[in-house]
Amino acid sequence: MNWASRLASRTAGTVATVALAGTAAIGATTVMATPALASGRVPHVTMHRFDQRLLFLINRARRIHGERPLLPAPGTTDVARSWSCRLAQTRNLGHNLRLGNALDSHGSASWTTYAENVGYVFHSQSADALFRAYMNSPEHRANILDRSMRYVGVWSKRGGSLRFNTIDFVGSTAGAYHASYGAQRRTHC
Numbered sequence: 001m002n003w004a005s006r007l008a009s010r011t012a013g014t015v016a017t018v019a020l021a022g023t024a025a026i027g028a029t030t031v032m033a034t035p036a037l038a039s040g041r042v043p044h045v046t047m048h049r050f051d052q053r054l055l056f057l058i059n060r061a062r063r064i065h066g067e068r069p070l071l072p073a074p075g076t077t078d079v080a081r082s083w084s085c086r087l088a089q090t091r092n093l094g095h096n097l098r099l100g101n102a103l104d105s106h107g108s109a110s111w112t113t114y115a116e117n118v119g120y121v122f123h124s125q126s127a128d129a130l131f132r133a134y135m136n137s138p139e140h141r142a143n144i145l146d147r148s149m150r151y152v153g154v155w156s157k158r159g160g161s162l163r164f165n166t167i168d169f170v171g172s173t174a175g176a177y178h179a180s181y182g183a184q185r186r187t188h189c
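Residue numbers (this note's numbering): 1 to 189.
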């Protein structure tokens, strides 16, 4: 099986590997926890064009399915950036097993739900290709369309001939992101 055609999915501690017929590799995880507190206004987030397009496609799909758009959050974006940088450096696809702890210290200590989609496409491929791969996977599609999600961090980083991507979702009924985290702290690896 070609590495560029693998899907690793981790949901609530279960790991499965499934063969895909595409040139993207992706993985999803979802976790549930305790009630959240209301949060303040979310500061501006800096995103590269690829990630802007990916977020546009995600929010368009959410609107089509009657869900509110996700708001990019600086702390959640910093968590996604850090993980994508690690994936690109190691050139190995995997989930951030400490995602909950990272979100806790990056403005989302009161999350009720979080999820992570990770994947890669060849550097020459578009955000549209990665989005299609995510939407063609039931686990990734479920994370993208999850009505409880409110905030998102999206980051992609080149590693060799591949572009690694992390999408971290944070949700709650009242708001799970606290603007007290401040502005996005890093815009590169």
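Rather than coming from a laboratory, the hints here were simulated on the basis of the structure. One or more hints might be untrue.
As the list claims (entries may be wrong) - Beta-carbon label-pair distances, calculated as ranges:
1) Phe122 / His188: 33 to 41 Å
2) Thr46 / Ser126: 27 to 35 Å
3) Phe56 / Arg147: 18 to 26 Å
4) Ile64 / Asn92: 31 to 39 Å
5) Gly66 / His123: 33 to 41 Å
6) Gly160 / Ser180: 17 to 25 Å
7) Gly100 / Ser180: 31 to 39 Å
8) Phe122 / Gln52: 18 to 26 Å
9) Ser124 / Gly182: 29 to 37 Å
10) Gly182 / Gly100: 14 to 22 Å
Glycine included, each C-beta is placed from N, C-alpha and C at the ideal position.
So, going through the hints one by one against the coordinates:
no., hint, result
1, Phe122 / His188: 33 to 41 Å, "violated (21 Å)"
2, Thr46 / Ser126: 27 to 35 Å, "violated (20 Å)"
3, Phe56 / Arg147: 18 to 26 Å, "holds (19 Å)"
4, Ile64 / Asn92: 31 to 39 Å, "holds (34 Å)"
5, Gly66 / His123: 33 to 41 Å, "holds (35 Å)"
6, Gly160 / Ser180: 17 to 25 Å, "violated (38 Å)"
7, Gly100 / Ser180: 31 to 39 Å, "violated (19 Å)"
8, Phe122 / Gln52: 18 to 26 Å, "holds (20 Å)"
9, Ser124 / Gly182: 29 to 37 Å, "holds (36 Å)"
10, Gly182 / Gly100: 14 to 22 Å, "holds (21 Å)"
Of the numbered hints stated above, those contradicted by the structure are hints 1, 2, 6 and 7, listed in ascending order.
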